[in-house]
Amino acid sequence: MRRATVAIATVGLAYMILAPLTSIDAAQQAGLPLLTDKVWFRIATTVAMFVVLASAWNIVGGLTGYASFGNIAFFGLGAYTVGVLVGIRNWPFGLALLIAPLVAALFALMVGVPLLRLRGHYFAVATLGVGVATGEVVNNLGPLGASTGLYLPIVRSDLLFFYLMLVAAALAVLTTWVILRTRFGYGLLAIRENEEAAAVIGVNTNFYKVAAFCIAAALSGIAGGIFAQWNSFINQELVFAVSDNVQMILMAVIGGAGTVLGPVAGAVVLELIIQTLAGGGSGSVYSQIGLGVLLAVCVIFIPRGVIDFFGGRSRLSLRYLRETLRETSA
Amino acid sequence: MSQFIQQVILGLLLGGVYVAVALGFSLVWGILNIVNLAHGALVIVGAYITWLLFTRWHIDPFITLPVDALALFVIGYALQRGVINRLIRAPLLFTFLLTFGINLVIVSLLLLIFTGDFRSVTPSYSGSGLELGSVTIPYIRVAGLTVALVLAGILWAILNRTRTGAAILAVGADRDAAQLVGVDLRHMYALTFAIGAAFAGVAGGIITTFQSIAPTAGDPYTLQAFAVVILGGLGRVSATVVGGLAFGLIEVLGQSAPGLSSGYANAIAFVVLVVVLVVRPRGLLGRLA
Numbered sequence: 001m002r003r004a005t006v007a008i009a010t011v012g013l014a015y016m017i018l019a020p021l022t023s024i025d026a027a028q029q030a031g032l033p034l035l036t037d038k039v040w041f042r043i044a045t046t047v048a049m050f051v052v053l054a055s056a057w058n059i060v061g062g063l064t065g066y067a068s069f070g071n072i073a074f075f076g077l078g079a080y081t082v083g084v085l086v087g088i089r090n091w092p093f094g095l096a097l098l099i100a101p102l103v104a105a106l107f108a109l110m111v112g113v114p115l116l117r118l119r120g121h122y123f124a125v126a127t128l129g130v131g132v133a134t135g136e137v138v139n140n141l142g143p144l145g146a147s148t149g150l151y152l153p154i155v156r157s158d159l160l161f162f163y164l165m166l167v168a169a170a171l172a173v174l175t176t177w178v179i180l181r182t183r184f185g186y187g188l189l190a191i192r193e194n195e196e197a198a199a200v201i202g203v204n205t206n207f208y209k210v211a212a213f214c215i216a217a218a219l220s221g222i223a224g225g226i227f228a229q230w231n232s233f234i235n236q237e238l239v240f241a242v243s244d245n246v247q248m249i250l251m252a253v254i255g256g257a258g259t260v261l262g263p264v265a266g267a268v269v270l271e272l273i274i275q276t277l278a279g280g281g282s283g284s285v286y287s288q289i290g291l292g293v294l295l296a297v298c299v300i301f302i303p304r305g306v307i308d309f310f311g312g313r314s315r316l317s318l319r320y321l322r323e324t325l326r327e328t329s330a
Numbered sequence: 001m002s003q004f005i006q007q008v009i010l011g012l013l014l015g016g017v018y019v020a021v022a023l024g025f026s027l028v029w030g031i032l033n034i035v036n037l038a039h040g041a042l043v044i045v046g047a048y049i050t051w052l053l054f055t056r057w058h059i060d061p062f063i064t065l066p067v068d069a070l071a072l073f074v075i076g077y078a079l080q081r082g083v084i085n086r087l088i089r090a091p092l093l094f095t096f097l098l099t100f101g102i103n104l105v106i107v108s109l110l111l112l113i114f115t116g117d118f119r120s121v122t123p124s125y126s127g128s129g130l131e132l133g134s135v136t137i138p139y140i141r142v143a144g145l146t147v148a149l150v151l152a153g154i155l156w157a158i159l160n161r162t163r164t165g166a167a168i169l170a171v172g173a174d175r176d177a178a179q180l181v182g183v184d185l186r187h188m189y190a191l192t193f194a195i196g197a198a199f200a201g202v203a204g205g206i207i208t209t210f211q212s213i214a215p216t217a218g219d220p221y222t223l224q225a226f227a228v229v230i231l232g233g234l235g236r237v238s239a240t241v242v243g244g245l246a247f248g249l250i251e252v253l254g255q256s257a258p259g260l261s262s263g264y265a266n267a268i269a270f271v272v273l274v275v276v277l278v279v280r281p282r283g284l285l286g287r288l289a
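As you go down the protein sequences, you meet chains E and U in turn. So for the first sequence, the numbering used here puts the first residue at 1; every next one is plus one. So for the second sequence, the numbering used here puts the first residue at 1; every next one is plus one.
Simulated from the structure, these hints should not be mistaken for laboratory data. These numbers were taken from a predicted model, which means no experiment stands behind them. Nothing false has been slipped in among the hints.
Distance windows between CB atoms, simulated:
1) 220/U <-> 120/E: 21 to 27 Å
2) 206/E <-> 82/U: 41 to 47 Å
3) 231/E <-> 174/U: 48 to 54 Å
Every residue gets a Cβ at the ideal spot worked out from N, C-alpha and C, and that includes glycine.
Please work from the sequences and hints to get the whole structure.
What follows is the structure, encoded as structure tokens:
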């Protein structure tokens, strides 16, 4: 199973990265699938965006064990930073994109220090609160466009944003990989497993937690910044949506929280399912019902994520499902 | 000055609504350790039931409240026993996600059945109130507050004066020990959730009397229930009552503060929440978790 997966993934990745470089018209005439189609381009860029978000969440939620429901605030702040700098003050996009993660990380530092003292439910609820409140404050501030939102000068280039998001996604995955190979990563895992014990053996828990939070914020901020220019329009509903936060959590969890490639697998699988269910319009009622049911099923039957099957440890079978169920049922 | 008194009275009356909404939420959180993100949806289901009965058969909303309670009791029992029980022993994150999924499904189903149009219930006594000088006390809101306090009393009586209530508290205190003395866990979990849902249903009936409803109108209530429970504290009915009233006051007084407007409702709720969590995590009246 593992060899086959690696082979398919490599081929798929190569195709994804190289295909867009060929002329889209020629490819379309030749009838090549996927990346020659504008719609699929958007979907692929969205997938890449969620890879960044899910990986970023994974650093705080999966590696450190602090399930944050407010990460969307970092995405939104990154988006609004670019939105204000480029849309209102006419700064160059590249410069704004460098500032976005800094703003997000700074915000994470400010809220992280008090919030990371909380655990479990309380942390989740508090971060949910931060996410909602930040969105609301931004929605009420006149200079930021208030409820009408912000417009950015339109840049028509699907190719550019696809590659930008891809780079951001690669950065996010690479960051997770690097973290897991350093003392910092071990420290985070220790905090997840038993925070008191970690503190006792000398892990500076406060510093590590806040650092992880800031790194996740920076990554989310970059994704937000790219999104702002890509979409040319942002408002509270688009970039501060709690349902997006739940989506990124779900992706990290069904993919496999705490692993490097888990969020990637989860983002790809889930986003494709969502786009199929939506049939073009992601707001349709049936797609919401589908998402809700999917959420319930995944959380009940595959809590460790699909990455469990690709690592060679388990096979998707009735027995696996039954055992998982028995572990968590009343 | 009378402006201020008016605000305080409105705040307390609003607080009554929050008490009603938060009672069920607090019960489920305190005993089952489940933060029910679908609580607002359950409230709205109750609201729709009341609306249906009022519109079709002209039944006064306050008389429909027991019907709401019964219907939501059944729904809640089925939901817990069938679905949520599967995740009782799983880490907290998963129940969070599960209840969020349930919320999505319920709201979407309501959208399908009732569409997104706003519906309202307007009994004949809607607008009138007691006038004391320049201060008005709307009758409907007083009735709402009264129902809320009665509900709190009923919950307290169930928990502290019946065997079933004792079993529920036992499950909340130590689930394995409760099982050892013969409590049927699965049934007790379902029963607790059902009671919580029933209270949510009644709260839904109350809110139809002063606001129009739509399928998505329940989400703000879930978030506000959080704030109320954290403000008041877990573990006691009185904590939820105090939390609800205090929260109502904070919201009304906060919105009339200079520089803020009603658009900041959620933001105010969460500033309160975060401040309480950082400064006094167990809330005003809660016991240490």
